[in-house]
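> Produce the entire structure from the sequences given, and follow the hints as far as they go.
One-letter residues, chain by chain:
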Amino acid sequence: MARAGSDFRTSFAHRISSLLFNRAKLRLGLLLAAPITWLVLIYVFALVALLVTAFWTVDSFTGAVHMEWSLNNIQTVLTSSLYRAVTLRTVGIACLVTIADLILAFPIAFFMAKIAGPRSRRLLVIAILMPLWASYLVKAYAWRAVLSHDGLLQWLLAPIGGQTPGYGLTAVILTQGYLWLPYVILPIFTGLEKVQNSLLEASSDLGAKNWQTIRRVVLPLLVPSIVAASIFSFSLTLGDYITVNIVGGASQMLGNLVYTNVGAANNLPMAAAVALIPVILMFGYLAAVRRTGALESL
Amino acid sequence: MKLAAMKLSALFVGAAMALSACSAATPSASTASSITKLGKGEGSLSLLGWPGYAEDGSNDPKVDWVTPFEQASGCQVTFKSYGTSDEALNLFKTGNYDAIAASGDATLRLIASGAVQPLNTKLIPSYKGVYSFLKNRAWNTVDGKTYGVPHGYGANLLMYKKDVVKPAPTSWSVVFDGSSAYKGHVTAYDSPIYIADAAVYLMAHNPKLGIKNPYALDDNQLKAAVDLLKSQRANVGEYWSDYLKEISAFESGDSVVGTTWQVIVNSMSAKANVGAVLPSEGATGWSDSWMVASNTKHVNCAYKWLDYIDSAKANAAATEYFGEAPVTQAACQYGSAGFCDSYHAGDATYASKIWYWTTPIAKCLDGRTDVQCTDYAAWTTAWQEIKG
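If you read the sequences in order, they're chains A and B. The first sequence lines up with residues 12 to 309 when you count with the numbering used here. The second sequence lines up with residues 260 to 647 when you count with the numbering used here.
Since the hints were derived computationally from the structure, they do not count as laboratory data. Hints should not be assumed to be uniformly reliable.
Selected chain B positions facing chain A (Cβ under 7 Å, derived; list incomplete) [claimed, not checked]:
#1 Tyr386
#2 Val495
#3 Gly496
#4 Glu510
#5 Asp625
#6 Ala641
Cβ atoms here follow ideal geometry from the backbone N, Cα and C, with glycine treated the same way.
Rendered as structure tokens:
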């Protein structure tokens, strides 16, 4: 009996494997089934649930959600001056963080890709990746200590007549800029590595100054990398609410409004409506970016 | 990338919460009646409360008042803590908890939604020893029925750095009308319920508004409080809801004056040089109550717990650990020296100056019937606008 069972198993396994061997599509389907289920359940379902929830209402006293269709939440988000002001502020911060990171990242990435030797390049890559090993919260709280009125920055700036910006929007931009910098350096570094040195030499042979070479040869080749990098810093800033809580003083961003609508107000539909703003902004941004071809180099 | 994943899972949890909230019970207060006699313990009990309200020694082996209860009653306790009153409501609605320690800004909502049952206080012997000024109050009693027994209470005080804020303040005006003197270094509690602090101030300084209860504000009165808070906003350095953040801000001098809790004052170092005062206008505060779920299968264990937590020794341990006043005079002999004095336990004059957190509702809590009051949803919207 044992022999027969094992024969059966062998032949069963054999049949399965020949079936899979002959049918490539089935093979692919089985391979992708798990990740696709995961993606659909976690990502698409959550987004759809978010969209649908935004149209429901909540009983303000007992906190029960009523599944009655209503456009009130969307209307409030679109018309209230509060949401408009906070959206503009959040987008402004995200833009400034992105610009600051790009300006900081370009020289570092250029040095790493074109000037540093293989050994120091490796060290630099490690140095840039190192902060990612530390917890996000620890870094934000470290900035809270640095920016404090008796913190490091004050101590450094006081002798030359400056002073720390304290907690507020400037502090948020500084902290976010620091947090996302590695995500901006790496795509630009990869992009610069692909730019061939012969192009730089040719440009210089034809009489271009260094700055002209960068502006007219390097930067145009780098556009996809820069756009890819900006997606990271822009989207990460757009959805963040922890940094602004820690170093933002009294200010609030879109994430905080979502948070208070869920946490304090217990108004999930309203929170969903607010959360749609960054989703829509990011879709718009990605659609614009798609045309530059940057998504392929992500 | 971890962050993105966190946000995604938060979305998912949010969606799940939305779905589960749909099946929540419809409001049906005051039809239920309390039990008339107690039986044997059911062997287990599931509790929900603020952090530090039911310690079993797992956080700190020296801090344990749950194990003696388990041994005496035979009820095995599991405890879950929450961070905000709103989180508490959502958790309690899952029906997984037998009893909850809730603040006054949650209790009325629990009662109205029918989630908790009226109590028969005759079956809770230690309730007799509870200070009378904590009994039969708006946040634990509805239509003459008691729904909660007190756990502990405290006031939101005014804290200031002695070397900066001179003379020592005796009025909230230092954070409202006079806040510009400390521009950028004023702090305030980050919650819609803080609007009541402004209302307490207006009660004393703008009697024409006719505010009788800081949790019963009509449209005009709310507008006045919001205007006051908006002018305060210009001078606020940061808002706090995490008490560790408040401690760090006062230690570093980024905040020099603002609202606080007694437990924060006790945690400050001597170097920070802070003082705290209950201002002349009075203050807001909290008085937390243990309530029993209406659908509990462990009602006997729940009653035993309510009796235990109001008993002298356990109440002293629990309230001193959290940093608030105990609810019975007998507890004072078990706390460390000066415990009852530092929290002004039993001081009825001190307690009468405290306006305990209560959920603002449309039916005015001060008894007015000619106007509609603003509810908590309106307060939340107003709070977001104040922060801008």
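> Does each hint hold? Answer for all of them.
Structure-based check of each hint:
1. Hint on Tyr386/B is violated. Least Cβ distance to chain A is approximately 28 Å, over the 7 Å limit.
2. The closest approach between the C-beta of Val495/B and any C-beta of chain A is roughly 5 Å, which is under the 7 Å cut-off, so the hint is satisfied.
3. A distance limit of 7 Å between C-beta atoms decides the matter here; for Gly496/B the minimum to chain A is near 6 Å, and the interface restraint holds.
4. Annotation: interface hint on Glu510/B violated; nearest CB of chain A at approximately 9 Å, more than 7 Å.
5. With 7 Å as the threshold, the beta carbon of Asp625/B stays out of range of chain A, its nearest partner Cβ sitting at about 18 Å, so the hint is violated.
6. Because the closest C-beta pair between Ala641/B and chain A is about 10 Å apart, greater than 7 Å, the hint is violated.
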